[in-house]
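Whole structure, please, built from the sequences with the hints as guidance.
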Amino acid sequence: MTMAEALRDGMRLAMRSDPSVFLIGEDIGIDGGFGGGFTVTLGLSGEFGHERVMDTPISEIAIIGAAVGAALAGARPVAEMQYGDFIFCAMDQVINQAAKMRYMSNGQVSVPMVVRLPVGATQRGAQHSQSSEAYFMHTPGLKVVCPSNPIDAKGLLMAAIRDDDPVIFLEHKLLYGGKGGRKEKTSLDPVEEVPEEEYQIPLGTVEIKRAGTDITILANMLMTHLALEAAEELSAREKIEAEVIDMRCLAPLDFETLVRSVKKTNRVLIVEEDNITGGWGAEVAARLSEAAFFYLDAPISRIAAPDTPAPCARKLEQVYLPSTQRIVQAAVDMVRLIP
Amino acid sequence: MTTSLTVDKDLALNLFRQMVLIRSFEDRLLQYFLQGMLPGTLHQYQGQEAVAVGVCSALRREDLIFSTHRPVGHAVAKGVSLKLIAAELWGKSTGCCGGKGGQMHLSDISVGMMPSNAIVGANIPIATGAALSFKLRGPDRVAVSFFGDGAANTGAFHEGLNLAAVKQAPVIFICENNLYAASTHISSSMRIEHIAERAKSYGMPGYTIDGMDAFAVYQAAQSAVDRARRGDGPTLIECKTYRYMGHSRGDPGGYRTREEVLAWGKKDPIKTLRERLISDYEQDDRDLDLIHQECQDIVQEAIDFAINSPEPDPTETYTHVFATLEGAIEHT
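Chains A and B, in that order, give the protein sequences.
Position one of the first sequence corresponds to residue 1 (the working numbering), numbered consecutively onward.
Position one of the second sequence corresponds to residue 1 (the working numbering), numbered consecutively onward.
Just so you know, these hints were derived from the structure itself, not from any lab.
Fair warning: there could be bad hints in the mix.
[Stated by the list, open to error] Partial chain B-side listing against chain A, Cβ under 7 Å, derived:
hint	residue
1	Leu13
2	Gly101
3	Leu136
4	Gly138
5	Gly155
Backbone N, C-alpha and C define an ideal beta-carbon position, used for all residues, glycine too.
Below, the structure is given as structure tokens:
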């Protein structure tokens with residue numbers, strides 16, 4: 001399955017087993033339409049009808065607000081933003097409403113909702129490119145999930161739908177595996193044997209994708225794939241064994257696994273597609289320096305987008321985005337730095 | 001805005017009693033506040049009581065209301081205990097939200113009082129979503145969004161009403177037009193006379209009613225609730241009303257004329273209903289005075305309870321961020 005197929009499969013199974021699950025968003029269930037911005041909901045309105053695959057006007061405040069209200073009243077909505085960038089239209093509903101309702105009511109209410117956000121730079125320019133996980137990770141009350149592959153995408157989405165808290169679920173556009181006219185030009189499109197049956201991957205977990213001894217590379221979504229590619233190159237060319245950890249959940253964060261890895265490798269390189277200032281990497285670096293400072297043989301280093309909006313032209317976007325080569329170079333520099 | 005409407009005697013007395021209870025409570029809270037004995041902020045409801053009690057009297061316990069930064073009247077009308085409200089205002093562990101909510105965030109879901117919302121307009125799409133959930137899952141429950149004239153200029157109002165109309169959600173939008181968004185008069189923020197006119201542009205019925213007349217509010221709300229339960233969709237009801245106090249603590253209301261305040265005072269919902277109870281329902285002054293006295297006692301008992309309740313345990317700062325502690329703060 002591709003990631004789009006795995007996500008669709010997760011939603012389908014969740015909807016079959018629980019009538020309180022419904023989808024809400026723009027262009028997600030229109031007959032003859034395209035199944036959301038990236039085909040993830042394609043065909044679901046045929047099976048579940050237009051009440052449960054609910055198309056809306058272009059009203060992001062209403063989409064997220066309605067999801068909050070439905071969740072408060074006992075449903076489990078899955079809201080889609082056509083592009084992740086559009087969530088900023090509805091940030092009050094995410095930050096002031098979804099995230100705070102349980103706390104303000106002293107636990108009387110739950111807001112079991114998922115917000116799906118297609119993210120990542122794909123030559124669409126500054127308003128269709130942002131990776132926004134840091135905004136949500138900063139807000140108490142939100143869980144933040146950002147998978148890198150189809151198996152995780154399905155298991156984490158099923159867990160997110162069944163979770164009793166609001167979950168921000170980021171999906172990278174270059175990982176969906178769109179077909180035909182929906183294929184992204186520079187996409188990676190991982191395909192995996194995804195179990196047919198229901199399964200959940202617990203939220204709040206990271207995954208060691210490759211074991212190593214010399215340096216820990218922390219990455220998420222598309223960057224996980226770049227980090228793994230870099231790790232193979234480091235091993236083949238430089239005899240450097242990198243441990244790559246997929247930061248598939250940022251909140252809650254499995255910090256213990258990160259600390260264990262750092263105590264083993266003594267070096268940390270963080271790779272994120274978001275702008276560098278105040279990104280998730282900044283938080284993780286700060287906490288690791290507090291918890292494992294005396295285990296570090298080199299300063300914690302970050303590769304991220306510069307503090308500019310995402311440019312559109314391919315030439316400029318290549319400057320903006322982290323690359324495998326930059327990861328390799330940074331890792332070599334850090335390992336060779338040993339006094 | 002006629003007052004020819006009537007309701008049965010039990011309901012009339014109940015509307016009166018609830019309005020008096022809210023007024024007594026708010027007036028007493030103000031006294032404590034002015035003496036520096038009530039912590040936090042205060043947004044008061046005096047003058048608007050007919051709206052809360054008229055609407056909530058048309059609801060069932062399991063119907064949900066979504067209130068605002070000025071929620072005390074709504075909470076009392078929906079049946080939240082005064083003790084729980086007072087203790088919340090005093091920031092005590094016995095408050096309806098354990099002290100975490102405060103004056104602007106009252107809730108008691110056991111009676112359908114959802115967490116009240118201090119972001120103007122935000123509860124409009126939220127109430128719509130709750131209504132969509134009812135529609136999706138079958139029960140003939142309704143949701144109510146209370147908001148002010150100021151909220152009618154937010155994007156959330158437009159998006160929420162439009163979505164509710166498109167999906168025929170069983171929700172009732174109650175606009176309490178008290179003429180002022182904080183200190184800004186409505187004439188500076190919209191070019192139409194009646195906010196209910198906006199309903200037409202969303203394809204839903206809209207009514208402008210006398211929000212100082214509890215019978216009129218009750219009957220308009222009952223009709224909208226019946227319509228929603230039948231599956232015929234949402235209604236916008238604009239209640240023309242007036243808040244006697246400033247927007248919040250420390251606002252003496254210097255932007256209003258004395259003439260305006262006095263003119264609205266003559267339409268006071270409690271005073272006018274009292275007169276009708278005497279003229280049309282054969283109640284005598286003594287019975288109605290007794291109601292006042294009972295309400296004063298309930299209020300004092302609630303405030304005493306609040307003042308004598310324990311503070312929250314400091315560890316409560318960290319609870320209820322997530323459903324389980326696993327999701328909670330890891331490094332404190």
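Hints and how they fare:
no., hint, result
1, Leu13, "violated (31 Å)"
2, Gly101, "holds (5 Å)"
3, Leu136, "holds (6 Å)"
4, Gly138, "violated (9 Å)"
5, Gly155, "holds (6 Å)"
Checked against the numbered hints listed earlier, the structure breaks hints 1 and 4; every other hint is satisfied.
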